[in-house]
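J.: Make one complex out of these two single chains by using the hints.
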Amino acid sequence: EAQVTQNPRYLITVTGKKLTVTCSQNMNHEYMSWYRQDPGLGLRQIYYSMNVEVTDKGDVPEGYKVSRKEKRNFPLILESPSPNQTSLYFCASSALDTQYFGPGTRLTVL
Amino acid sequence: GENVEQHPSTLSVQEGDSAVIKCTYSDSASNYFPWYKQELGKGPQLIIDIRSNVGEKKDQRIAVTLNKTAKHFSLHITETQPEDSAVYFCAASIGSSNTGKLIFGQGTTLQVKP
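Chains A and B are the protein sequences, given in the same order. Residue numbers for the first sequence follow my numbering, so the first one is 1 and each next one is one higher. Residue numbers for the second sequence follow my numbering, so the first one is 1001 and each next one is one higher.
What the hints contain is simulated information worked out from the structure, not anything from laboratory work. Some hints could be false.
Computed list of lysine-lysine pairs in BS3-like fashion (alpha-carbon distance at most 27 Å, straight line) [said to hold, decoys possible]: (1) 1068(B) / 1022(B); (2) 1037(B) / 57(A); (3) 57(A) / 1042(B); (4) 18(A) / 1042(B); (5) 57(A) / 1058(B); (6) 71(A) / 1042(B); (7) 17(A) / 65(A); (8) 1068(B) / 1042(B); (9) 69(A) / 57(A); (10) 1037(B) / 1071(B); (11) 1071(B) / 65(A).
Just chain B, with the same shape it has in the complex (with noise of 0.2 Å):
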């Protein structure tokens, strides 16, 4: 079946610094990719996404690449601040995104030191 591998499963880095998540996905047919952000006790919340017609998105500090051809997608933090520690989670839709369908990575924890 089709599936979304995401890298690293955690992070930690100093404040200030830039943090990278990378995933892969298989079905050729996803257009959409969107990242949530889990924070503790929390349900998982939209903090960007990317359809397939564009390379990249920006969003303050945050960015996401996308490569249709390599089949991968990244999401960048710059400036990293403790409250971005999190769970963030990246998916693909699986076909077309009018299928309403999501297929997530594992998650990775993000831990932002002071």
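Extracted from the complex, chain A is given alone in its bound form (with noise of 0.2 Å):
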């Protein structure tokens, strides 16, 4: 089945803890996104990457790092999380334009 999984899911954790969140699809897409998605926000992205070590900056990367040292592999890095990262993260794959969206992580910073 063609997919998008994240992991984890849910997830509580203190301000200044790493953390990683992994994004995983099967469909050999080259374009994957990090988005979070905020009420009366919409969907923000974060991070994309074209290929294989090609990643670019979406509209709010500060304070997130992402990889693309395998194709089908997106992780989200937060390497020192802040309550203002509490949000609902989103990682997406496309072949081109329709974009193949994930079940989610939510993260809460305390």
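T.: This is the structure:
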């Protein structure tokens, strides 16, 4: 089954404790993105990747890192999480324009 | 920067009525406009999309219209059903569609009352 998977689905952590949210797709897509969803703000792009080792900042990249060492994986790294990064995060992949979203990771930073 | 404005933020209709959600975009180079539906606890799913070379597209009860001159596009749902209740997002490509980048509207929470 074609899908985008994210782990973990829920995470509660404390300020400053490094964390990684994994994202994997099995559709051999070139493009992958990370979004955060906040009430009233819709989906805002954090980072995206056009292919292996090619990444670029989205609209809200501050406080986040990404890497794309393999085509199928695109982890999101928060080196020193802060409470304003409490949000719902989505990973997405696409061959060109139609994006397929993962189920989401709800992150709470205390 | 580029942006997409979506209205209304909430919409409540009676079952069987029509629902219309409108979006405007700022990037004149945008040429791909998808609509996503997000059900509770799930990720957004594409329900319909339109490219700049057409003005309207229909898929059963769902239709999308595009006015490139005015830079706005709309989602029309006819004969609404309770299972249409969800959050809907419009989006526009940043530049042409082969950049793989989209900018999303703020979302519309649609409630269909039985």
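J.: Are there hints from earlier that the structure breaks, and if so, what are their numbers?
T.: 5, 8 and 11
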